[in-house]
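K.L.:
Residues per chain are reported as follows:
4 protein chains.
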Amino acid sequence: MNEITVDAVADPELRDPVFVEGLPGVGHVGKLAVEHLLEEFDSELVRRVYSEHLPPQVVLQDDGTTQLSCVEVHAVALDDRDLLVLTGDHQASEGPGHYRLAEAFLDIAEAFDVETVYALGGVPTGELMDEYAVLGATNDADFVSELSEVGVEFRDEDPAGGIVGTSGLLLGLGERRGLRAACLMGETSGYLVDPKSARAVLEVLEEMLGFEVDFESLEERAEEMEDVANKIQEMENQQSGMPSEEDLRYIG
Amino acid sequence: MNEITVDAVADPELRDPVFVEGLPGVGHVGKLAVEHLLEEFDSELVRRVYSEHLPPQVVLQDDGTTQLSCVEVHAVALDDRDLLVLTGDHQASEGPGHYRLAEAFLDIAEAFDVETVYALGGVPTGELMDEYAVLGATNDADFVSELSEVGVEFRDEDPAGGIVGTSGLLLGLGERRGLRAACLMGETSGYLVDPKSARAVLEVLEEMLGFEVDFESLEERAEEMEDVANKIQEMENQQSGMPSEEDLRYIG
Amino acid sequence: MNEITVDAVADPELRDPVFVEGLPGVGHVGKLAVEHLLEEFDSELVRRVYSEHLPPQVVLQDDGTTQLSCVEVHAVALDDRDLLVLTGDHQASEGPGHYRLAEAFLDIAEAFDVETVYALGGVPTGELMDEYAVLGATNDADFVSELSEVGVEFRDEDPAGGIVGTSGLLLGLGERRGLRAACLMGETSGYLVDPKSARAVLEVLEEMLGFEVDFESLEERAEEMEDVANKIQEMENQQSGMPSEEDLRYIG
Amino acid sequence: MNEITVDAVADPELRDPVFVEGLPGVGHVGKLAVEHLLEEFDSELVRRVYSEHLPPQVVLQDDGTTQLSCVEVHAVALDDRDLLVLTGDHQASEGPGHYRLAEAFLDIAEAFDVETVYALGGVPTGELMDEYAVLGATNDADFVSELSEVGVEFRDEDPAGGIVGTSGLLLGLGERRGLRAACLMGETSGYLVDPKSARAVLEVLEEMLGFEVDFESLEERAEEMEDVANKIQEMENQQSGMPSEEDLRYIG
Chain S
1 MNEITVDAVA
11 DPELRDPVFV
21 EGLPGVGHVG
31 KLAVEHLLEE
41 FDSELVRRVY
51 SEHLPPQVVL
61 QDDGTTQLSC
71 VEVHAVALDD
81 RDLLVLTGDH
91 QASEGPGHYR
101 LAEAFLDIAE
111 AFDVETVYAL
121 GGVPTGELMD
131 EYAVLGATND
141 ADFVSELSEV
151 GVEFRDEDPA
161 GGIVGTSGLL
171 LGLGERRGLR
181 AACLMGETSG
191 YLVDPKSARA
201 VLEVLEEMLG
211 FEVDFESLEE
221 RAEEMEDVAN
231 KIQEMENQQS
241 GMPSEEDLRY
251 IG
Chain Y
1 MNEITVDAVA
11 DPELRDPVFV
21 EGLPGVGHVG
31 KLAVEHLLEE
41 FDSELVRRVY
51 SEHLPPQVVL
61 QDDGTTQLSC
71 VEVHAVALDD
81 RDLLVLTGDH
91 QASEGPGHYR
101 LAEAFLDIAE
111 AFDVETVYAL
121 GGVPTGELMD
131 EYAVLGATND
141 ADFVSELSEV
151 GVEFRDEDPA
161 GGIVGTSGLL
171 LGLGERRGLR
181 AACLMGETSG
191 YLVDPKSARA
201 VLEVLEEMLG
211 FEVDFESLEE
221 RAEEMEDVAN
231 KIQEMENQQS
241 GMPSEEDLRY
251 IG
Chain C
1 MNEITVDAVA
11 DPELRDPVFV
21 EGLPGVGHVG
31 KLAVEHLLEE
41 FDSELVRRVY
51 SEHLPPQVVL
61 QDDGTTQLSC
71 VEVHAVALDD
81 RDLLVLTGDH
91 QASEGPGHYR
101 LAEAFLDIAE
111 AFDVETVYAL
121 GGVPTGELMD
131 EYAVLGATND
141 ADFVSELSEV
151 GVEFRDEDPA
161 GGIVGTSGLL
171 LGLGERRGLR
181 AACLMGETSG
191 YLVDPKSARA
201 VLEVLEEMLG
211 FEVDFESLEE
221 RAEEMEDVAN
231 KIQEMENQQS
241 GMPSEEDLRY
251 IG
Chain B
1 MNEITVDAVA
11 DPELRDPVFV
21 EGLPGVGHVG
31 KLAVEHLLEE
41 FDSELVRRVY
51 SEHLPPQVVL
61 QDDGTTQLSC
71 VEVHAVALDD
81 RDLLVLTGDH
91 QASEGPGHYR
101 LAEAFLDIAE
111 AFDVETVYAL
121 GGVPTGELMD
131 EYAVLGATND
141 ADFVSELSEV
151 GVEFRDEDPA
161 GGIVGTSGLL
171 LGLGERRGLR
181 AACLMGETSG
191 YLVDPKSARA
201 VLEVLEEMLG
211 FEVDFESLEE
221 RAEEMEDVAN
231 KIQEMENQQS
241 GMPSEEDLRY
251 IG
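Chains as they are written, first to last, in our numbering: chain S, 1 to 252; chain Y, 1 to 252; chain C, 1 to 252; chain B, 1 to 252.
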């Protein structure tokens, strides 16, 4: 195997495809959002990306077989156009690996003549929330007003820490290729897996790309998480202060 | 020395060889199992693998001489067939090194026309145990029923964390070469070196490969470890709760 | 993108240019100093350096757009000569990356026929200070007396830990190219962003290079930091001992 | 600069040279020993080794100038033969760097037709000591008896952790080149810089190579350290238990 190996599983003709990335990160917002798209629409696996920059690991599947750590790209058929949806269980484990994998992902986008890339993720607020703003960032100044019109918020140099990992590099390295890219970041406590934040991000995507998706299954998952959150707040009232991040990690 | 150097110590003709890996890991189950095979059967060293991805270290031998960190492959003569048994004191120290060494190990397997690979290891249960199930995972769906017939348990997506390191990659990278591979994981507390778990794994291998091995020496080692475990449980009764993982690490 | 990519944004003719580096470090002294130069004088961006050895990250700008992690070199026009000023938000994340980026920076200096390099930084004293000595280090024995004449202090093997990172390598690798380089290190507590230390360093540079810069804006920032320092000393009097480095990190 | 750059500073004719390595390690035993040889005998710098696998750092010298992290090899003139003495302030910072630098050191040894390599170091005992045994390890079984005759102790698989870093690799990689090498490890508490242990190691070397060295300056340094050790034992008597490793690190 090479440093990065891309298996071309299928090469369908795509209609005006948009690239959507959702890898694990804060609140699993990006990954929840793209997994919901894969559940609700017809899709076809088109690429698998293997790399020594992903963990040396196989995951177990329902039937007892294993799958080597990889990142997958599916073609998702909306009514009027197609998406190329990238997801997986892992990001690269160190800096240069992040750069090299992000270039490989952009190569795939370009091979399908993608013109716009959306990187989906979460931005931590540090507190449990009722309303979920979606923050934006983009590598194309003209894109800001378009995104603002559908409710994406652009706040001064927020998040202050920038955008780290694959999402950040899709914007940064995409810009160097002349590929328009935006990051949509759903606000989330940062403590829990957050299906509500994922819904907020998908609602922006619906407006931008002109499609509709059923949120029932995501809503159910959100209610389960709400039960968890309520229990935490009870604990909080009984005890002193917020649960530690350590406690909450095991709940997510 | 290159990044990876394979010394071809011997090139015997092997009878329908099966590749068996047992490197250090949870409860040292895999390493104990393959070391027991090397003790009980005639064997011949056929390959030594050196690499800068192994620790920069020599180990001391009985006679005052040193040996550079390496992984060894021995040919083990059973009655009707041969095994290629891989073991050593170390796994790679980082991700890309794991991938590159696993490819080198698979190259050796293929050079000897191996058709099946067994990766032996342990799976931690977090508690001291009486009965030792052997969990399975494989890169070949058809292999599941064969393994189930001899008692290997396939549990839904268990272990949840997948299989990390050389064992995982032998399955994941083996699949890409069309090489059938299974991981046999003996349940073990995770606290102690566990010869009983190693025996449970070897008993599966006996059934699969049609050989018999004497377990006396492994049984003696198991009794020693049982004494240790009993002392721990006494301590446990006297004090509050389980010994910390920290305490137990020094006993293993 | 290659391991290191240098974008040649502009190639102006420069008058006897001197290279001045100020990347993040102790008390942000070097970065504050060069940012002050960029604010007070006309400047032109001449190079951007991107690299997989910088963090996999974009930063957000005022207008909602992002910029990929990079190091920038600006040409700064003093009255009689020009400076090449290198700054950025990050240093390399590991050793070999530091070496490779420092070589790239020196290549830029040499492409503009630079003869002298100044690396600006801070040296931690561990206590809040009133007077700010500037310590020196150089790769050219003849340069010591010149620097001493304008007040730079050379203390026996101080700092004992040497000079780590880009500043150190500009001296060390610069020497191998026959490029004269000095490190000017403003004393600073190490606890706070320190504009006063940055001023002390710039005053040395003024004398060495024959220019004058207005310090008003830096003075304002220094007063803000003094307020912070005073609050800390109040806390200190109320409580026991100095604030922990942990506490202070969040103030900087 | 390349990954590793070797500056050939001088190429003297050497009389039956023996290679002696002493880099920083447990109790600084190896480094103290070779530094003592460099102080007591005439020597000439013959090689400097620079590498991105050494820290990105310059050290400060008495005169205010800096020196890039490097490893140096000096030719040391004994009465009847010469030594090639390797020392420096650092070892490599990660595994592959250790391997690559060790190969570069062995290349230097071979370029001078060296037939024997001594790697000097310390082995931690965990307690302050009065008598200093010297443990041995070698890559050549025939060398064991020669070393035993001058008092080097070979203990069964001791140290159990093997020999890590440059010393270990000089034996391990040296063996692959057919180069005889031994590691001489002076017992030392592991808490303090230990000139007495360095003397014990040098006394073995005197016997093996037939030379005599004055130990006065090393003895003075040992007395200073003894004062430190006594103070620690006083503290120990006053307080409960041994000083923590943390405390002692700052004394070394």
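Just so you know, these hints were derived from the structure itself, not from any lab. Mixed in with the good hints, there may be bad ones.
[What the hints assert, rightly or not] Computed from the model, here is a short list of chain Y residues facing chain B with C-beta under 7 Å:
id, residue
1, Pro56
2, Gly64
3, Met129
[Claimed, not checked] Here are the simulated distance ranges between beta carbons:
id, chain 1, residue 1, chain 2, residue 2, range
4, Y, Glu224, B, Asp11, 41 to 49 Å
5, S, Asp227, Y, Ser145, 46 to 54 Å
6, C, Ala160, B, Ser217, 46 to 54 Å
7, Y, Glu234, B, Gly126, 23 to 31 Å
A virtual CB, placed ideally from N, CA and C, is assigned to each residue, including glycine.
K.L.:
Which numbered conditions among the earlier hints are violated in the structure presented, ordered from lowest to highest?
P.N.:
3, 4, 5 and 6
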